[in-house]
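Please take these sequences and the hints and turn them into a complete structure.
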Amino acid sequence: MKFGQLVIIMLLVLPVGAGAQTADEILSTARYVTTLQQQDLEGRIRKDGRTVPVGLFLRGENIQFQYFDAGKKAWDVFHMRLNENHYDLFEIRNGKTLRFPEKKLGQPIMGSDLSYEDLAFRFLYWPSGKIEGSEKIKGQDCWKIRLQNPGRGGDYALVYVWVHKKAGALMQVVGYNNQGRALKRFQVTDLMKIGDAYTVRRMRVDRIEPVANKVVGLTYLEFEKPKAAGPGGLR
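Here the numbering used here is used: the first residue of the sequence shown is 1, the next is one more, and so on.
FYI, nobody ran anything at the bench for these hints, they're computed from the structure.
Restricting the straight-line Cα-Cα distance to at most 27 angstroms, the calculated cross-link-like pairs of lysine-lysine (DSS-like) are:
1) Lys225 x Lys166
2) Lys130 x Lys166
3) Lys103 x Lys73
4) Lys72 x Lys104
5) Lys193 x Lys136
6) Lys225 x Lys165
7) Lys104 x Lys73
8) Lys166 x Lys144
9) Lys193 x Lys165
10) Lys138 x Lys214
11) Lys225 x Lys138
12) Lys166 x Lys138
13) Lys144 x Lys165
14) Lys136 x Lys166
Treat the numbers as computed from the prediction; the structure is a model and nothing was measured.
Right, dumping it as structure tokens:
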């Protein structure tokens, strides 16, 4: 199975160095995934009793994500290539690699509360992040970082992320609209340790009605124990 570089930023992180002081130094651990560069993950998106199989295929800076579109009885495949200050996103159709259209980034995936933008976690590349202090998430000490949309489109005007101080794992994310109302909350509820790095085992995604400030949608993203990488590489 293959999984697009969309999800990688959100899912896999390296330990934060003890000397990391700036927001960029902390977030850089969530942007780069080197120790898990030879892993394949299989899992599912789960909502309202429905399950969509997904896969994540990691090869250093190249990551592919795929989910099974039961309507087409085929896998939809997306490819993300990480660079130092940005990422490139593609979709693979009929054996051809095409640039992923930005207008599709906000669309939900298979009726879930996860959009392509969510899986891409584009906000991790927004410049001038600010550390707003420390908070505990599920009893764990985390950095709280504020990220402002520099005007690159998407649903979120402002995003807060909470990063585990010791493990470097992305523990929680909340995205807001330009009125300062929450739109979506991501909470990592279970992590897996692979060597010295961490990958998400289970994440809860709450879609929030911004005016009433109540949860109106709930989706889970889950992964199984990583399998050894196959002999093939990315296209």
